[in-house]
Amino acid sequence: MGHDVEELSQVLRVRQEKLKALREKGVEPFEYSFDPTKRSTEAISVFEASESTGSLSDKGYGNVERIGGRVVSWRDMGKSLFAHLEDGQGRVQVYFRKDVLGDEEYEALDLLDLGDWIGTEGNMFRTRSGEVTIRAQSWKLLTKSLRPLPFGKVETDAQTGQRVVHSGFADQEMRYRQRYADLAVNPEVREVFRLRSRVITSLRGFLDSQGFLEVETPVLQPLYGGAAAKPFVTEHNALSQTMYLRVADELYLKRLIVGGLDRVYEISKDFRNEGLSRYHNPEFTMLEWYQAFTDYDSQMQLVEEMVQHVLDEVVGGRSVMLGETEINFNGSFDKLGLIDSLSEALGADVHTMDQKALRSKAEELQIPDLEGAGTGKLIDKLFGELVEPSLVQPTFVVDHPKELSPLAKEHRSDPRLTERFELYIGGAEVFNGFSELNDPIDQRSRFETQMSLRAAGDEEAHEIDEDYIRALEYGMPPTGGVGMGVDRFVMVLANQQSIRDVILFPILRSEE
RNA sequence: GCCCCGCUAGCUCAACUGGUAGAGCAACUGACUCUUAAUCAGUAGGUUCGGGGUUCGAGUCCCUGGCGGGGCACCA
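Residue numbers (my numbering): 1 to 512.
Since the hints were derived computationally from the structure, they do not count as laboratory data.
Please note: incorrect hints may appear among the correct ones.
As the list claims (entries may be wrong) - Dumping the calculated PhoX-like pairs for lysine-lysine here, alpha-carbon to alpha-carbon at most 20 angstroms: (1) 20 with 59; (2) 38 with 140; (3) 79 with 20; (4) 25 with 153; (5) 402 with 356; (6) 38 with 25; (7) 140 with 20; (8) 356 with 377.
Could you build the full structure based on these sequences and the hints that come with them?
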């Protein structure tokens, strides 16, 4: 922003001039407070109630209210004027009349713009065209807006009653960079984030009701782990020590199970230093929980209950639309063996295929970047190519290869596999859980396998966490645990195509 | 990191093979005391993302840089 008014574009200059004019009239353009009697929608409801009980005045006036809000529409008709105010609840029309306000207070309305915050007081009434409106007896500027918000023109379709926006704020980049403007002009964006908040409240309520304890574990960690991911690295000055932003909460939460906090959960921001996509933001919200004495079967049961609980509470039904597809959460979710489903897709038994056979299949399918991929990775790639895209309805994929799951317990009936599940919804992995590996000796050897992968160039492989092994040596009871991608779950419930549309301030490159 | 597409007025978008950069909304001036994409008349508003090049002439073509979107890679 330039200090020199001359340099400003026309639209900004005009507002600076109005600001100056207001100050010259002795009007404070940035008020300290306001005391509304109600918010918009509530004021309308009260009016409608008295309307139905026939308790309006002879002239049709109802309750007197003071309402504060942002001016979002403006129709000047000379000696009277209609505007809409929007507040945290909704919007309400205001009717200004010259003969009611008097010349001076009416003419001062000229100094207002779309985007200004004002307060007004008057009776509620219903206009000839049927809209419940506040008839302004007085008004007051609360905050002058010095920069025009990119409002579109809003039409209500006469047939459907649908809100239609003409030439609204659509530039994706600006909507993310200036989320405040996006929220200010696009009420449906505000709704997405209200929904997100309700989802998190509901998840928390569910776990609390099941006797889980919400805890907080370190974001800054001397050693990261719990996921195959590259970390963000930082430095603690006083300790002169390298610290990592967590990639998962897993290892700390399981230390708490060792400590006897037998049902714990954490809602956390995790950080993974990797690329961006419609399913990946480097900073994202994870819910992880661990429950002693359970295995992955009972955790799948719990996930199902939890998902249905949230649907019932937040959506009010067991299905949602995701794009053109209806996602149905009723009943038990399907279960697919990872190896079995891949075998079927390949038309060959994956268990009998060696690394070479898997590789040639992958090459046949022209799957890129196979260099250095071991058996587990090849299976993962093939599965991602052949099976994953079809997992639109909620589906548990179960029993992953050991190599891919260094923290999961060996499968009780197949030593090549682990007791692990992932729940896919809309083609994306949303939940991931397993029977937790609690044998410290097995855990050490898994870490050692990871170290050799690391030595072979896999930057995401785990390092050995000696302190974690020490904890397991004290004894961790049989435990089931689950991690949940909260953002991805919200995407499904809010019918959003990109993770950026459910994160208020997604990561973007700096403007300069 | 790679591929494709995009970036023009405050916002949403035009501008055929290179030939004076336009419209709607917003803004400004004026009219209008129940409007609601209000309406009507008029006015103003531009570093066409930055830099370089080709050309008599570049929003348009070439090179280069920036940012974004989509895809790929990466992603227990």
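**OP:** Tell me, in ascending order, the numbers of any earlier hints that this structure violates.
**Re:** Failing hints, ascending: 1, 3, 4, 6.
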